Amino acid sequence: MSRRSWVRPLLAMGLVAVTAVVSACGTSGPGESNAGSLKIWALEDPVLNKIEQKSIDSFKASGGNASLETFGNDPYKQRLRVAMGSPQAPDLFFNWGGGNLKEYVDAGKVADLTSVLEENKAAKDAFIPSVLDGAKLDGKYYGVPMRGMQPVLLFFNKKVFKDAGVEPPTTWDQLLTLVDTFKAKNITPIALAGSQAWTELMWAEYVLDRFAGHEVFKNIRDNGPAGWKDPAVVQAMAKLKELIDRGGFGQSFASVAYDAGGASTLLAQDKAAMHLMGTWEYTNQLDQSPDFVKQGNLGWVAFPSIPGGKGDPSNLVGNVSNFYSATADSKSLDAAKKFVTTTLHEDSYVDALIEAGDVPPVVGAEEKLKKSPNPEYASFIYELVLDTKNFQLSWDQDLPADDATFMLTQLQEFFLGKVSPQQFVDAVAAR
Amino acid sequence: MSSQRPSAWYAVPAFGFFALFAALPMLLVIYLSFTAWDSLGTPQLNGGENWARLLDDAEARASVWRTLVLMVVSWLVQTPIALLIGVWAAGKQRSRAVLSSIFFLPLLLSTTAIALLWNALMEPNFGAFVGGPLFLGDPDIALYTVVLVISWQFIPFHTLLYQGAARAVPPSLYEAATIDGASRVGKFRHITLPQLRYTIVTSSVLMLVGSLTTFDTVLILTGGGPGTATRILPLHMYITGFKGFEMGYASAIAVVLVVLGTALSLAVMRWSGFRSMSSQQEGS
Amino acid sequence: MKSRPNWPAGLFALVWLAIVVGPLLYLVTVSLRSRAEYLGKSAWEIPDALTLDNYVTVLTGNFSQYLLNNVIVTVATVAIVVLVTVPAAYAVVRNTSPFLQRGFTLLLMGLAIPAQATIIPVYLMITRMRLYDTLTAVILPTAAFALPVAMLVLVNSLRDVPRELYEAQAIDGAGPLRVLVSLVLPLARPAIMTVVVYTALNAWNGFLFPLVLTQSESSRVLTLGLWDYQGQFGTNVPALLAAVTLSVLPIFAVYLIGRRFLLSGLTAGFGK
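Residue numbers (this note's numbering), protein chains in the order written: chain A, 1 to 431; chain B, 432 to 715; chain C, 716 to 987.
Careful, some of the hints might be misleading.
[Stated by the list, open to error] Here are some, though not all, of the chain A residues that point toward chain C, as calculated from beta-carbon distances under 7 Å:
| hint | residue |
| --- | --- |
| 1 | F71 |
| 2 | V82 |
| 3 | D259 |
| 4 | A260 |
| 5 | G261 |
| 6 | T265 |
I should point out that these hints are in silico values taken from the structure, not numbers from a laboratory.
Given the structure is predicted, the values throughout are model-derived calculations rather than measurements.
A virtual CB, placed ideally from N, CA and C, is assigned to each residue, including glycine.
The shape of chain A in the complex, shown without the other chains:
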C-alpha cells in the first residue's frame, strides 16, 4: 500500500469531520435573542404551532418582536427545567398550569400576571374563569390560556353497543353491568393502554372525584402526601379495584401502549367497547381509523356518576388548558405581558383554534363552534366545561415531578394487582 493512497482518504475524512462538527454547531438552533424580542417556547404540534406562529407574526406586525421554538413532550419538560435555571430561559413558556407551574413559581422564576390582567379587563373577561384559574396559585395569576380545553371523556363504540342492545353508562353500577355484558360477548369492555400509567391515572382521578369530591386531591396537592391518607382514597381505590378484578380492562392491558395506538385501535376495530381518554382521542381516531369516525361509530359521554358519591357529576379532569407564563427575570417582561394580553383572545387566534378542531377557553364561543370541523363534538366539550363545578388538572401535572413519577409507578403496580388499595395509599403517603 503506497503512502499517498492512504493519506488522501484520511485527509478527506478529517475534512468531512470538521465540516460535520461545524455544521452541527451551526444548526444548533437560534442563538441568544436580543433584548426586547420575545423568545417563546411551546409544545410541538404540527397543527397548533402554525396558529401560534401566526399570532406571533401579527404581534410582530404591530411592532413587537418574537420568535417561537417548539419541543416534543418529554424533552420539553426536561429542557424547560434546564433553561429555567440558566440565562437561556425563554421569555414566555408553555405549561399545563397547576402544580407543574407551581414548582417554577416557588423557585421565583415566574412573573405574577395578576395586575396586568386586572388592567386589561377585556383580556381577563374573555377567558372562562374556571380555566383561567388553572394557572392561579395562592390567589395570583401566573399564566394565560393559549390552547384548547382537553377534559377526559368516556369514548365508546356505538356499533358494539348497538349490537349488544345497550346504552352508554351514566352511573357506576351501569358501568359494572356493562362489563359483564361485554365480557360475555368476548369483547374487552374497556380498552386501556396500561403500559403508560397516565392512562390508568385517568380512572383513579375520576373515581376519586366522583366518590369523594374534588377537595380530597386539592388537599393532597396543597398540603403534601399525607393527604393521601384520607380514608376516601382507599375506598375509591377499592371501587376501582372491583372494576379491574371484574375484568373491566381485559387481561392484556399491561403491554398496550397509547402512543403506539394499541388502545384506540381496539376500540376502532370493535374489539373493545369503551375507552377513557382525553379529547385528543377524537383527532387521533380520525387520523388513524378515519372510517370508524366517519361511519359515526365513535361515541362519547361524560364520566358516569357514582351513586351516593360526594363528587359533583359535572366535575371534569384532564388538561384544563395550556398556558403561557412569563419568566420573572426576563429582559422583555413588558413585551411578554403585552403579548399575553393582546394576542390570545383575539378573534383570529380563537377562530384558527376552532378551525383546527380545538375548543378554545374563551366565553361566548357557542356560535363560533358551529363552524368547527366537528361541531357536535366541540360543542359538547364546550358545554361540559361551562357547566363544570370543578375542572381538575391531571394529577401527574399537578404534583411535583418526583412525586408524580413515583405515584404513576405505584398506580401501575395497583392495576396489576401487585399492590392493594391500602398499600397504594401507604406508599404514596410516605413520600
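Following the hints, complete the assembly by docking chains B and C onto the known chain A.
Chains B and C only, in chain A's frame:
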C-alpha cells in the same frame, strides 16, 4: 536517537479528550451523588442524604435484584448456545459457512430496531402470538422476555467470538485424539473447552457487563413495566433522573452501577486467573 | 480433515436458524402488508397483496433527515477517534515515558466504565457548554467512550511491528511525523479498519446519548427517529417495520461488501 521517537504530545489529544468526556464525568457523578439537584438551578451539597435514602429504598434494592437475575439468566441462556453454535460454525463445511453467515444477521440491527421488532411481534392484540402468553404484559414473564430478546441480539456476537477461537485450536490436537479413539463429546470436553477457556472468560465478562448496563432494549420493550417488573438498575437511574428530576439521587444509583460493573469485571478476571485482556488480543 | 456429519449438531443449528430467521421474516413481510391487512389478519396468514406504500410513507417523512444526522454523527465520531488515537497509539508504543504508560493504563480502565453511569454528568456538562440539542453533543461523548477499545486495538497492532523497521526509518533521518505517515499508517491499516468499523457501529447504533442530549427533530438521529415513529405511526406497525427495515439496509450493504471487516470491527479488542 530519542529525538526520533514521537513525543508524548502525540498522545495528549486522545488522553485529554478521554479525560474530559469520560474520566471527568466519572468524578462528577460521584460529586453529584452527594448533592440535591432537581436540574433547576445548580447542584447543592446535601451530605450523605442520597446514600442514606438509597440504603432505604426498596425499589432500588428490587432493581438491583432484577439486574442480577437478568445477568445470571442471560448468561446461562447465551453461553451454551453461543459456544455450541460457535464451535459448530468453525467447521470448514460449506453448509456451515452459509448458515453461519445467516446466524450473524441480527448483528446488523441496532438495539432500537431489535426492540421495536420484538415489541411488534409480541403486541398482545395484533402481534404474532395473539392469544399466547403475555410476553410483555405479565409481570412474571416480562423479565424473561427481555432475556430472550437480549439473547437473540447478542448470541450471534458471542458465536462469532467462539467461532474465531475454535478455528484457532490446532488441528493436530484433534487428530491425536482421533487416533486415541476419543468420541466427539470427549474431544469437545477435553480439547475444545480447555482451549476456549480464555474466550469463555472474555465472552462472559462482556455478557455480564452488557446485561448489567442493558438500557435501550428495556426502555423500548417495556419501559420498565409492567409495573416495575423489568425496572432494572440503569432504567431506575434514568427514570429517577430524567422523569422525576432527582439528579442527585440518580447519580448515587449511577455510582452503584459503576461499582458493580468494575467489581464484576475484576472478579471474573481474578477468578479465572485471566490477568490482562490486552495480552490475549491480536488484531484478529 | 474428513469427518462424518454431526446430526444432532446439525439439527440444533436448524432450530437456531428458525429462531434467527423467524423474526426477520416477520419484519420484512409485515412491512410489505397494508395496515388493514395487518389489523385484520393473523400474522401467519398469507397476505392477499404486498405493497410498498409503507416504504413510501417512511421515505416521504423525516427519514432522510434522521439518516443524514446519523451519517454526520458517525463520520465525525470515527474521524475524531482515528485522528486522535493513531498518533497516541504510536506514542504509547514508541515512547516509554511513564506519563504515557500510566495514561494508557488509565485509559484501559475506561473499558469497564458503563457509559450509562456517566449520563447525568455528561448531561450537566453538555447543557453548561450550551451544546444541548446539537449533534456535537452526541459526537463528543460517543467518541470519548470509543477511545479505550480503539487504543487497545491500535497499540496491540503496533506492538507487533518489528523494532528494526522503526530503526531503519530513523537511520534514514525520518522524523516521527514522517514515520507516522509512511510506516505506522500503512502497517496499522487492518487495525485502523477495525477501529473504524467498531467506532462507526457504536456511533450508528447509539441510543442513550442522543436520547438525553438532543430533543428536536432537526438533531434527531435514526435510532431515536425509529422510536419516535412508534408514537407517530401508532398502530401502523407495517410502516414502523418498514422504517426499521430501511434503517438496517445501510449496514446490510456494508455486510455484503466487507463482511470480514465488519465482523472484525464487531469483535474489536475481544477476538481470539
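Hint check:
Contact between A/F71 and chain C, as hinted, is supported at the beta carbon level, the nearest pair being about 6 Å apart and thus within 7 Å. This hint holds: A/V82 has a C-beta 5 Å from the nearest C-beta of chain C, less than the 7 Å allowed. For A/D259, the interface hint holds, the least distance from its beta-carbon to any beta-carbon of chain C being 4 Å, beneath 7 Å. For the restraint placing A/A260 at the interface with chain C, the shortest Cβ-Cβ distance is roughly 5 Å, inside the 7 Å limit, so the hint holds.
Because the beta carbon of A/G261 sits about 3 Å from the nearest beta carbon in chain C, less than 7 Å, this interface hint is met. For A/T265, the suggested interface contact is upheld, since its CB lies about 4 Å from the closest CB of chain C, less than 7 Å.
Comparing the model with each numbered hint stated earlier shows that all of them hold.
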